[in-house]
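With the hints as constraints, model all of the structure from the sequences given.
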Amino acid sequence: ETGVTQTPRHLVMGMTNKKSLKCEQHLGHNAMYWYKQSAKKPLELMFVYNFKEQTENNSVPSRFSPECPNSSHLFLHLHTLQPEDSALYLCASSQVVRTGAGAKDEQFFGPGTRLTVL
Amino acid sequence: KQEVTQIPAALSVPEGENLVLNCSFTDSAIYNLQWFRQDPGKGLTSLLLIQSSQREQTSGRLNASLDKSSGRSTLYIAASQPGDSATYLCAVTNAGKSTFGDGTTLTVKP
Numbered sequence: 001e002t003g004v005t006q007t008p009r010h011l012v013m014g015m016t017n018k019k020s021l022k023c024e025q026h027l028g029h030n031a032m033y034w035y036k037q038s039a040k041k042p043l044e045l046m047f048v049y050n051f052k053e054q055t056e057n058n059s060v061p062s063r064f065s066p067e068c069p070n071s072s073h074l075f076l077h078l079h080t081l082q083p084e085d086s087a088l089y090l091c092a093s094s095q096v097v098r099t100g101a102g103a104k105d106e107q108f109f110g111p112g113t114r115l116t117v118l
Numbered sequence: 001k002q003e004v005t006q007i008p009a010a011l012s013v014p015e016g017e018n019l020v021l022n023c024s025f026t027d028s029a030i031y032n033l034q035w036f037r038q039d040p041g042k043g044l045t046s047l048l049l050i051q052s053s054q055r056e057q058t059s060g061r062l063n064a065s066l067d068k069s070s071g072r073s074t075l076y077i078a079a080s081q082p083g084d085s086a087t088y089l090c091a092v093t094n095a096g097k098s099t100f101g102d103g104t105t106l107t108v109k110p
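Heads up: the protein sequence lines correspond to chains A and B, in order. Residue numbering for the first sequence follows our numbering, beginning at 1 and increasing consecutively. Residue numbering for the second sequence follows our numbering, beginning at 1 and increasing consecutively.
Simulated from the structure, these hints should not be mistaken for laboratory data. C-beta: ideal position from N, C-alpha, C; glycine also. A portion of the hints provided could be inaccurate.
Stated by the list, open to error - Ranges between beta-carbon positions, derived for each pair:
1. B:E3 - A:L27: 36 to 42 Å
2. A:T16 - B:K1: 43 to 49 Å
3. B:N18 - A:H26: 33 to 39 Å
4. B:D39 - A:G3: 16 to 22 Å
5. A:M15 - B:E3: 31 to 37 Å
6. B:S69 - A:E67: 38 to 44 Å
Unchecked claim - Straight-line Cα separation of at most 30 Å, BS3-like style, residue types lysine-lysine; simulated pairs:
7. A:K18 - B:K97
8. B:K1 - A:K19
9. A:K52 - B:K109
10. A:K19 - B:K42
11. A:K18 - A:K36
12. B:K97 - B:K42
13. A:K18 - B:K1
14. B:K42 - A:K36
15. A:K104 - A:K19
16. A:K18 - B:K42
17. A:K104 - B:K109
18. A:K104 - A:K52
19. B:K1 - A:K52
20. B:K68 - A:K19
21. B:K68 - A:K41
22. A:K18 - A:K41
23. B:K1 - A:K104
24. A:K41 - B:K42
25. A:K22 - A:K104
26. A:K52 - B:K42
27. A:K19 - A:K41
28. B:K109 - A:K41
29. A:K22 - A:K41
30. A:K41 - B:K1
31. B:K68 - A:K104
32. A:K36 - A:K52
33. A:K22 - B:K97
34. A:K19 - A:K36
Said to hold, decoys possible - To list a few chain B residues with every Cβ distance to chain A over 10 Å, as calculated:
35. E17
36. N18
37. L19
38. Q54
39. S69
40. G101
The following block contains the structure:
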């Protein structure tokens, strides 16, 4: 069991529905991420939050709306999705630490939400 | 723009064999490189992290090396077992952004 949890684990929704994905990290990290993983494609970074501020939006369509109320929680609000948005959505967290060998930024992932859009 | 390539895309070996997975990246300005394991439909499990100034890291039967100047990393798995069957991903990280390769899908046959 990792320190990053995601709910729900599976979600089926119609194109007119509104739903939200939730991510929570118990690691005391200050950065959180949303990734999309589609079949036969590499992991795609969607959004990055540092200290609750969005620092990266990787040209994601507006039908995906992130929310980060605090450093431990991250949401992805979904509305009017398309069937091609069906994928595994992964949340991760990290924190840059300084070691004797330099900076280290280790990512920890949640189990993902399998989303199917009908 | 950072690009990460993993070779081979798929690998099938008999149990007990030693094997090497390869990862290459185009921009050497990185904090670290991470190797992950992903089982079908699951999240990513971190296996090893090598910081940019380090050359290798070891954990059990796994050994990862990093040659930052040439933009290459290898993951060596000794005495492979059927339970090692999974997709292995490498990712390079800089300034809060990680770029992932497509992964190598490993099958270890009993």
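Results for each hint:
1. At about 29 Å, the CB distance of B:E3 to A:L27 disagrees with the hint of 36 to 42 Å.
2. At about 36 Å, the beta-carbon gap between A:T16 and B:K1 misses the expected band of 43 to 49 Å.
3. For B:N18 and A:H26, the hinted distance range of 33 to 39 Å is satisfied, since their beta carbons lie about 37 Å from each other.
4. In this structure the supplied range 16 to 22 Å holds for B:D39 paired with A:G3, their Cβ-Cβ distance being about 18 Å.
5. Roughly 33 Å separates the CB atoms of A:M15 and B:E3, a value that falls within the hinted 31 to 37 Å.
6. Evaluation of the 38 to 44 Å hint for B:S69 and A:E67 yields a pass: the beta carbon distance comes to about 41 Å.
7. In summary, the hint linking A:K18 to B:K97 is supported, as the alpha carbons are separated by about 29 Å, within the 30 Å threshold.
8. The straight-line distance between the Cα atoms of B:K1 and A:K19 is roughly 33 Å, outside the 30 Å bound, and the hint therefore fails.
9. Only pairs whose Cα atoms come within 30 Å are accepted, and A:K52 paired with B:K109 is rejected, the gap being roughly 46 Å.
10. Under the criterion of a C-alpha separation no larger than 30 Å, the hint pairing A:K19 with B:K42 is consistent with the structure, at around 21 Å.
11. Proposed proximity of A:K18 and A:K36 is supported: the alpha carbons are some 18 Å apart, at most 30 Å.
12. Between B:K97 and B:K42 the CA atoms are separated by roughly 22 Å; this keeps the pair inside 30 Å, and the hint holds.
13. Using a Cα cut-off of 30 Å, the hinted pair A:K18 and B:K1 is violated, with the two alpha carbons roughly 34 Å apart.
14. Simply put, B:K42 and A:K36 have alpha-carbon atoms about 13 Å apart, close enough for the 30 Å limit, and the pair holds.
15. Distance hint between A:K104 and A:K19 is unfulfilled; the C-alpha atoms sit about 35 Å from each other, more than 30 Å.
16. This hinted pair checks out: A:K18 and B:K42 have alpha carbons roughly 24 Å apart, not beyond 30 Å.
17. Distance hint between A:K104 and B:K109 is unfulfilled; the C-alpha atoms sit about 36 Å from each other, more than 30 Å.
18. Between A:K104 and A:K52 the alpha-carbon distance is near 20 Å, which keeps this suggested pair within the 30 Å criterion.
19. A hinted pair counts as satisfied when its Cα atoms are at most 30 Å apart, and B:K1 with A:K52 qualifies at roughly 26 Å.
20. Between B:K68 and A:K19 the CA atoms are separated by roughly 43 Å; this puts the pair beyond 30 Å, and the hint is violated.
21. Our distance criterion of 30 Å between C-alpha atoms is met by B:K68 and A:K41, whose separation comes to about 25 Å.
22. Between A:K18 and A:K41 the CA atoms are separated by roughly 26 Å; this keeps the pair inside 30 Å, and the hint holds.
23. Of the pairs offered as hints, the one joining B:K1 and A:K104 holds, with about 21 Å between alpha carbons and a cut-off of 30 Å not exceeded.
24. Note on A:K41 and B:K42: the hinted pairing holds, with a Cα-Cα distance of about 15 Å set against a maximum of 30 Å.
25. Taking the CA atoms of A:K22 and A:K104, the gap is about 26 Å. The hint holds against a cut of 30 Å.
26. In summary, the hint linking A:K52 to B:K42 is supported, as the alpha carbons are separated by about 26 Å, within the 30 Å threshold.
27. Restraint check for A:K19 and A:K41: satisfied, since their Cα atoms lie roughly 24 Å apart, inside the 30 Å limit.
28. About 25 Å separates the Cα atoms of B:K109 and A:K41, which keeps this hinted pair within 30 Å; it holds.
29. Of the supplied pair hints, the one linking A:K22 and A:K41 holds, its CA atoms being roughly 23 Å apart against a limit of 30 Å.
30. Simply put, A:K41 and B:K1 have alpha-carbon atoms about 18 Å apart, close enough for the 30 Å limit, and the pair holds.
31. A distance of roughly 15 Å separates the Cα atoms of B:K68 and A:K104; the hinted pair therefore holds under the 30 Å criterion.
32. Simply put, A:K36 and A:K52 have alpha-carbon atoms about 20 Å apart, close enough for the 30 Å limit, and the pair holds.
33. A hinted pair counts as satisfied when its Cα atoms are at most 30 Å apart, and A:K22 with B:K97 qualifies at roughly 21 Å.
34. Between the alpha carbons of A:K19 and A:K36 the distance comes to roughly 16 Å, so the proposed pair stays at or under 30 Å and holds.
35. Distance check on B:E17: its Cβ is at least 26 Å (rounded) from any Cβ of chain A, clearing the 10 Å threshold; non-interface status holds.
36. Under the 10 Å C-beta cut-off, the non-interface status given to B:N18 relative to chain A holds; the minimum distance is some 27 Å.
37. The claim that B:L19 lies off the interface holds: its Cβ sits roughly 22 Å from the closest Cβ of chain A, which is beyond the 10 Å cut-off.
38. With a least CB separation of 6 Å from chain A, B:Q54 falls inside the 10 Å interface cut-off, contrary to its annotation.
39. With a closest Cβ-Cβ approach of about 16 Å to chain A, B:S69 is found to remain outside the 10 Å limit, as its non-interface label requires.
40. Listed as outside the interface, B:G101 is inconsistent with that label: its C-beta sits roughly 6 Å from the nearest C-beta of chain A, within the 10 Å cut-off.
Taken one by one, the earlier hints fail for this structure at numbers 1, 2, 8, 9, 13, 15, 17, 20, 38 and 40, listed in ascending order.
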